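S.K.: Protein chains in written order, with the numbering used here: chain A, 2 to 359; chain B, 15 to 349.
Worth double-checking, as some hints may not be accurate.
[Claimed, not checked] Only some residues are given here: those of chain A computed to face chain B with a beta carbon under 8 Å:
(1) 237
(2) 243
(3) 244
(4) 247
[Claimed, not checked] Across the chosen pairs, the derived CB separations fall in these ranges:
(5) B/155 with A/56: 39 to 49 Å
(6) A/339 with B/100: 48 to 58 Å
(7) B/296 with A/343: 55 to 65 Å
(8) A/173 with B/100: 49 to 59 Å
(9) B/81 with A/220: 42 to 52 Å
(10) A/350 with B/45: 51 to 61 Å
It should be emphasised that the hints constitute simulated quantities derived from the structure, not laboratory data.
Only a predicted model underlies this, so the values are computations on that prediction, with no experimental measurement involved.
All C-beta atoms, glycine included, are put in the ideal place defined by N, C-alpha and C.
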Amino acid sequence: MSMAPQAEPAVVAPPAPGPKETDGRTRERPLALRLLARPEVGVFLGAVAVFVFFLIAAPTLRDGGSMATVLYQSSTIGIMALPVALLMIGGEFDLSAGVAVVTSALTAAMLSYQLTMNVWMGVIVALVVSLAVGAFNGWVLVKTGLPSFLVTLATFLVLQGVNLAVTKLVTGNVATDNISDMDGFDQAKALFASSFDVGGVEVKITVVWWLVFAALATWVLLRTKYGNWIFAVGGSQESARAVGVPVTFTKITLFMLVGFGAWFVGMHQLFSFNTVQSGEGVGQELIFIAAAVIGGCLLTGGYGSAIGPVFGAFMFGIVNQGIVFAGWNPDWFKAFLGVMLLGAVLINLYVRRAATRR
Amino acid sequence: MTSKTPGTPRTDGTPGTHGTVLADPAPERGRPLVELRDAGKAYGNIRALHGVDLAVHPGRVTCVLGDNGAGKSTLIKIISGLHQHTEGEFLVDGEAVRFGSPRDALDRGIATVYQDLATVPLMPVWRNFFLGSEMTKGPWPVRRLDIARMKRTADEELRNMGIVLDDLEQPIGTLSGGQRQSVAIARAVYFGARVLILDEPTAALGVKQSGVVLKYIAAARERGLGVVFITHNPHHAYMVGDHFSVLRLGTLELSAARADITLEALTNHMAGGAELAALKHELAQVGGVDVEALPDDAAAAAKAAAPDTAERTDAAESDAAVSDSTASGTAEGKA
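Let's have the full structure, built from the sequences with the hints guiding it.
M.R.: Take a look at the structure:
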């Protein structure tokens, strides 16, 4: 019994000075079993399997350009899946994450256009709005003790309605006006929606952001106090509070992190397409949650990793594009996804049981 | 919760209040570390605690006894910062306080071993040990956990208490109940610089492990800590206690120094001797119970009703026996 679900394998210092006496009743488990107990291993194997499957089924996928498309697709889900996964490890989930992306993009677009300011003004106000929506979710949750399902379902409905109604009120249309000729647009586009060349292949900058955020989230989760608190509030909120973990702070900031992710993806959408459709985003929240769960995060909290959802999102990307490249009817995508989700959950469950059994 | 956000003095990489025990000038003997004056707590219209006086002195063990629902847990939740009192006064070092969260209590050097142990089952042992009071290193943007130091410290502290774990990375949920209890106590002893509160630490333990826990209590007292020992076992209380407070239905039924009370009397108070006599009378009315075989006087009835009659002979010994009545801690920590 030597399983460390969320801790790193290699810490150099010996745990104790002097001759190490041992309990003598436990036997160190084989390395393979210890590896299997890590939350991201199941999804890693699954992602490899799906990847190999589509490389065989869809030969055009082997092309560099196709891979870039897959990675781009993965990154737009993956950037949001990261904070959603952290929130899930912290014991909550956010149904408003999908429409919050659109809310953020709409805020930036309309504010910039209507008040003819520099787009950066809209971008910053959108960030404030997104963080405020997250903080509101978290604040209501900790103050009322209601389940996050109810609180964020309400936010989801409110945002969905506000998105449509306010956009129609302001622009008289269901979409925002084109902001591509405004001041600062090019700078913002360079940050959120540019692409660069790698050996003749166009790679979207979101792929880089995705991996940077994933590395950052992994570091925070495993190496900082805040990461420790995330596991604690998700694993046992009462215990965490009793030993002095600031539970309220941790939960509210986790929701605000989801707000940050929504802002980032919203800005990406805005600066890629120049306009925003106000009715979009519905249903995306479940994709993010699915990516986190496939990535080995426990829906009830307290267990998971930040690297798992990266593979989870990658699986989404590969299936989404793979079906197209294989020449199948894309309608099958969701069905495939459902099977994948169930399979991933079962594999994770089995692996965890097998590896943590004492 | 009004607790501080990250960056409290305790969490910036210094070992916190731990280790300052010896450096502190000993407080004057007369002033208690923690004191409740006529304190009470109401949950809505339910009065869980009323008019309770309690003083915790350095180097003394204050035992709080009482049956289920007597208000013991409410009492310690007030001192440990989980709840706030609604009546009376709560003083730490003679200064009236109102803790917003357990963080505030910990910052004052008051650490608690909760009955449910307050551990997070899926987290590794060392992370549980330092949860909420993590050691860090490095300047702010890259301030990170000092994992090597925390593992080393946790291992040392656990070994000091006779617990040897092969792997501090194992989730604490995979430990046995006794081991988890020991980790929780080791953690509180490490962080409880001045006051240690133990909520029913022996309730779930066997005879031998209870002995180990009582030894820790005696050791904490020797180190000059003020100890609050909550239990419903008068024998355990009498072994280590310097002062006994018995709660009944939320009020203080008895508050006596060790010199003023015998184990017999304590047991009687604890079990509610008068009530038992009444019960015996009622049982006689119902019939079908051989009341003749029951002991006659109230004190004897109480004695018979004590939770662990098997230990009565042990308990009759003086508390001095505690320190040598158990084998090496190493063995029991594992059991």
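S.K.: Confirm or reject each hint.
M.R.: These are the hints, each one checked on the structure:
1. 237: holds (5 Å)
2. 243: Holds - the Cβ of residue 243 of chain A comes within 8 Å of chain B, reaching about 4 Å at its closest.
3. 244: Since chain B brings a Cβ to about 4 Å from residue 244 of chain A, closer than 8 Å, the hint holds.
4. 247: holds (5 Å)
5. B/155 with A/56: 39 to 49 Å: Since the Cβ atoms of residue 155 of chain B and residue 56 of chain A sit about 41 Å apart, the hinted range of 39 to 49 Å holds.
6. A/339 with B/100: 48 to 58 Å: Distance hint for residue 339 of chain A, residue 100 of chain B holds at roughly 52 Å.
7. B/296 with A/343: 55 to 65 Å: Holds, since residue 296 of chain B and residue 343 of chain A (Cβ atoms, about 60 Å apart) stay within the stated range.
8. A/173 with B/100: 49 to 59 Å: holds (57 Å)
9. B/81 with A/220: 42 to 52 Å: Since residue 81 of chain B and residue 220 of chain A have Cβ atoms about 51 Å apart, the given range 42 to 52 Å holds.
10. A/350 with B/45: 51 to 61 Å: The hinted range 51 to 61 Å holds for residue 350 of chain A and residue 45 of chain B, with Cβ atoms some 57 Å apart.
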